[in-house]
Amino acid sequence: MYNLEKLMVTDSQDDNIKLNCSYCPKCEKKYFPLKEICADCLESLTNVEISSTGRIFSYTTIRTDSPFYKAPYTLAFVDLDEGVRLLARVNVESHQHLDSNKRVKGVRTTIPTKSGETINAFEFKLIEEV
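Start counting at 1 in the sequence shown, then tack on 894, and there's your number in my numbering.
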């Protein structure tokens, strides 16, 4: 399991986050989660911060409980503005109003564990478009 604390950078003023990703200076490819070697050119990668805003590429509604979430909940592939695609939960109240290409942003959340502790994590929420 990934150390989620290393994957996100939070702003202490609110729940908005930036994400830590790996960047290849040679071929300019970005990776999330963090990696050490570029899969395309085998060069060493550096870590950079990117925003957590983007658009939903594709999504599905899960209709069975998981260890962390009660059904139904939504998972989506999100294309971040900086070119990284990742899979994460989208926190929506009405699944009927969710469409591909909707704008989302990453926000901080916590996930309860079976032992009663919480894990710091992130999820996406819809950005209201004008």
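Just so you know, the hints here were simulated from the structure itself, not pulled from any lab data. Please read all numbers here as calculations on a predicted model, not as lab measurements. Positions of the beta carbon are idealized from the N, C-alpha and C atoms, including for glycine. Worth double-checking, as some hints may not be accurate.
What the hints assert, rightly or not - Straight-line distance between alpha carbons at most 16 Å, and here's what the computed EDC-like set of lysine to aspartate or glutamate pairs gives:
no. : residue 1 : residue 2
1   : Lys-999   : Asp-959
2   : Lys-964   : Asp-975
3   : Lys-996   : Glu-1011
4   : Lys-923   : Asp-973
5   : Lys-912   : Glu-922
6   : Lys-996   : Asp-975
7   : Lys-1008  : Asp-959
8   : Lys-964   : Glu-943
9   : Lys-1008  : Glu-1022
10  : Lys-923   : Glu-976
11  : Lys-924   : Glu-937
12  : Lys-924   : Asp-934
13  : Lys-912   : Glu-943
14  : Lys-999   : Asp-975
15  : Lys-999   : Glu-976
16  : Lys-912   : Asp-959
17  : Lys-924   : Glu-943
18  : Lys-999   : Glu-1022
Unchecked claim - FRET-style restraints, in silico, Cβ to Cβ:
no. : residue 1 : residue 2 : range
19  : Ser-1009  : Arg-949   : 18 to 26 Å
20  : Arg-997   : Ser-960   : 20 to 28 Å
21  : Thr-1012  : Leu-936   : 37 to 45 Å
Hints, one by one, checked against the model:
1. Lys-999 / Asp-959: Since the Cα atoms of Lys-999 and Asp-959 sit roughly 24 Å apart, the hinted pair is violated (cutoff 16 Å).
2. Lys-964 / Asp-975: Outside the cut-off at roughly 30 Å; violated.
3. Lys-996 / Glu-1011: Violated: Lys-996 and Glu-1011 sit about 33 Å apart, past 16 Å.
4. Lys-923 / Asp-973: Judged against 16 Å, a Cα distance of about 14 Å means the pair holds.
5. Lys-912 / Glu-922: 19 Å, violated
6. Lys-996 / Asp-975: Distance ~13 Å between Lys-996 and Asp-975 Cα, so the pair holds.
7. Lys-1008 / Asp-959: 14 Å, holds
8. Lys-964 / Glu-943: 31 Å, violated
9. Lys-1008 / Glu-1022: Outside the cut-off at roughly 34 Å; violated.
10. Lys-923 / Glu-976: 10 Å, holds
11. Lys-924 / Glu-937: It holds: about 12 Å lies between the C-alpha atoms, which stays within 16 Å.
12. Lys-924 / Asp-934: 11 Å, holds
13. Lys-912 / Glu-943: 6 Å, holds
14. Lys-999 / Asp-975: Measuring from Cα to Cα gives roughly 10 Å; hence the hint holds.
15. Lys-999 / Glu-976: It holds: about 13 Å lies between the C-alpha atoms, which stays within 16 Å.
16. Lys-912 / Asp-959: Measuring from Cα to Cα gives roughly 28 Å; hence the hint is violated.
17. Lys-924 / Glu-943: 10 Å, holds
18. Lys-999 / Glu-1022: 10 Å, holds
19. Ser-1009 / Arg-949: 18 to 26 Å: Cβ of Ser-1009 to Cβ of Arg-949: about 36 Å, so the range 18 to 26 Å is violated.
20. Arg-997 / Ser-960: 20 to 28 Å: Roughly 26 Å apart at Cβ, these two residues keep to the hinted range, so it holds.
21. Thr-1012 / Leu-936: 37 to 45 Å: Given range 37 to 45 Å: holds, Cβ gap about 38 Å.
Violated hints, in rising order: 1, 2, 3, 5, 8, 9, 16 and 19; the structure is consistent with all others.
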